[in-house]
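Participant: If you read the sequences in order, they're chains E and G.
Mapping of the first sequence onto the numbering used here: residues 136 to 220, in sequence order.
Mapping of the second sequence onto the numbering used here: residues 14 to 211, in sequence order.
Simulated from the structure, these hints should not be mistaken for laboratory data.
You may find that some hints are simply not true.
[What the hints assert, rightly or not] Short derived list, chain G residues pointing at chain E, Cβ under 8 Å:
(1) 26
(2) 28
(3) 35
(4) 36
(5) 124
(6) 129
(7) 133
(8) 134
(9) 136
(10) 145
(11) 155
(12) 166
(13) 170
(14) 174
(15) 202
[Stated by the list, open to error] Heads up, simulated DSS-like pairs for lysine-lysine below, C-alpha to C-alpha not over 30 Å straight-line:
(16) G:80 / E:153
(17) G:21 / E:190
(18) E:208 / G:21
(19) G:207 / G:181
(20) E:190 / G:29
[Unchecked claim] Output of the computed footprint for chain E on chain G, the stretches with three or more beta carbons under 8 Å from beta carbons of chain E:
(21) 40-53
(22) 56-67
(23) 113-122
(24) 189-195
No experiment lies behind these values; they were computed from the predicted model shown.
A virtual CB, placed ideally from N, CA and C, is assigned to each residue, including glycine.
Given next are the chains, with one letter for each unit.
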Amino acid sequence: MLSCKDISHLASDHIDNKLPFLTKMKIKMHLFMCHHCRAFIKQLRTTIKTIKHIKPTPAKQSVIDLQVQTLLKTRQQIKPDNIDR
Amino acid sequence: MSEQNLIKRLLDGDEKAYQQVVTDYHASMLYVARAIVGTAIADEVVQEAWVSVIKALPKFEGRSSLKTWILRIVSNNAKSRLRKESRHFSAGDAADLEVIGMPENRFSDDGHWAVPPQRWNIESPDELLTSQELQSCMQQAIDKLPPVQQAILSLRDMNDMNMTEICKILDISESNSRVLLHRARTKVFQAIEKFQGN
Numbered sequence: 136m137l138s139c140k141d142i143s144h145l146a147s148d149h150i151d152n153k154l155p156f157l158t159k160m161k162i163k164m165h166l167f168m169c170h171h172c173r174a175f176i177k178q179l180r181t182t183i184k185t186i187k188h189i190k191p192t193p194a195k196q197s198v199i200d201l202q203v204q205t206l207l208k209t210r211q212q213i214k215p216d217n218i219d220r
Numbered sequence: 014m015s016e017q018n019l020i021k022r023l024l025d026g027d028e029k030a031y032q033q034v035v036t037d038y039h040a041s042m043l044y045v046a047r048a049i050v051g052t053a054i055a056d057e058v059v060q061e062a063w064v065s066v067i068k069a070l071p072k073f074e075g076r077s078s079l080k081t082w083i084l085r086i087v088s089n090n091a092k093s094r095l096r097k098e099s100r101h102f103s104a105g106d107a108a109d110l111e112v113i114g115m116p117e118n119r120f121s122d123d124g125h126w127a128v129p130p131q132r133w134n135i136e137s138p139d140e141l142l143t144s145q146e147l148q149s150c151m152q153q154a155i156d157k158l159p160p161v162q163q164a165i166l167s168l169r170d171m172n173d174m175n176m177t178e179i180c181k182i183l184d185i186s187e188s189n190s191r192v193l194l195h196r197a198r199t200k201v202f203q204a205i206e207k208f209q210g211n
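Could you put the whole structure together from the sequences, leaning on the hints where they help?
Facilitator: Quick look at the structure:
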C-alpha cells in the first residue's frame, strides 16, 4: 500500500503518465480513499498547466539590442568567404 | 513567420529576424548554459554560442527545430568550455542533494499528510493567470530554483520540449531529470499554495 508521501513523490510521473501499470493501479487505489492526495494531484496538475503559460524572465532590451548588433557585426566579418554555406 | 522564412531572413542578415531569435531564445540558452557551466560564465558561453550559431546556420538541415538545434550548440559550447578548464560537472550530481518533492515536515512518520494541501480559492490555470501578483510570485519561485531544475522546468513545461532531447542537451539521465523536474514543480506548487493561503 502506498503512503501519502509515496504519492507525493510519484505525482509528476503519474501526471505525465510515466509509471508502470501496477504502480498506476496502486496510485488509483490510494487516490480513491485519500482526499488529501486527490487534492494534491489536482493542484499539482493545475500548477503544471499554469507553468506552461509563464514566460521566462526576459533579457533586458538593452542586452538584446547589444547582442543583435554584435551578431550582425560578426556576420559581416565572417561573410562572404568564411561563412559555412 | 515560418521557421524556414526566419532562417532565410537570418541568412540575409535581416535585423528584425535577429531581434526575434535573440528575444525568443536568449533566456532558454542562458538556462541551459547556467545548468552546465554555472552562473558565473554562462553569459560568456551564450555569447560564444550565438557566434557559433551564426557561423553554422547555413548548414542547418532542419532535422530538429531551430530552437533545439541552437540549444544543442549552447550545450556543446558549454561542455567544451568545461573541458578546456578541466572542470567536471554532471547535472545528475545535483539530484541527490534534496528531498524528492514536498518537504519532509509535511508528512508524519507513518507517511500520511501531517500538513495536508489546503483548498485553493483559485482553482483553474486561467483564473490563476489573471493575477499578475501570482504570476510574479511563480516567476520568483522559478528564478530561485537551482540552475539545472530551472533549465529542465523551462525546457519541459514552458517550452514543451521532449524529455529525451532535454536529457541529451543537459547530459543527464532520464531518471534524474524526472526527479529534478518534480522537485522544480513542487517548489512552484508551494509558491502558489503560499500565495493562496495569504
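Participant: If a hint holds in the structure, say so; if it doesn't, say that too.
Facilitator: Structure-based check of all given hints:
1. 26: It holds, given that the least Cβ distance between residue 26 of chain G and chain E is near 6 Å, below 8 Å.
2. 28: Hint on residue 28 of chain G: holds, closest Cβ of chain E at ~6 Å, below 8 Å.
3. 35: 5 Å, holds
4. 36: The hint holds - residue 36 of chain G has a Cβ within 8 Å of chain E, the shortest such distance being about 6 Å.
5. 124: OK, holds: residue 124 of chain G within 8 Å of chain E, min 3 Å.
6. 129: 4 Å, holds
7. 133: 6 Å, holds
8. 134: 12 Å, violated
9. 136: Given a least distance of 7 Å, the restraint on residue 136 of chain G holds.
10. 145: 12 Å, violated
11. 155: This interface hint holds because 7 Å falls under the 8 Å limit.
12. 166: 7 Å, holds
13. 170: 4 Å, holds
14. 174: This hint is violated: residue 174 of chain G lies away from chain E, its Cβ roughly 12 Å from the closest one there, beyond 8 Å.
15. 202: Interface hint status for residue 202 of chain G: holds (4 Å vs cutoff 8 Å).
16. G:80 / E:153: Holds: residue 80 of chain G and residue 153 of chain E sit about 25 Å apart, inside 30 Å.
17. G:21 / E:190: 27 Å, holds
18. E:208 / G:21: 18 Å, holds
19. G:207 / G:181: 34 Å, violated
20. E:190 / G:29: 21 Å, holds
21. 40-53: holds (count 4)
22. 56-67: holds (count 4)
23. 113-122: holds (count 5)
24. 189-195: holds (count 3)
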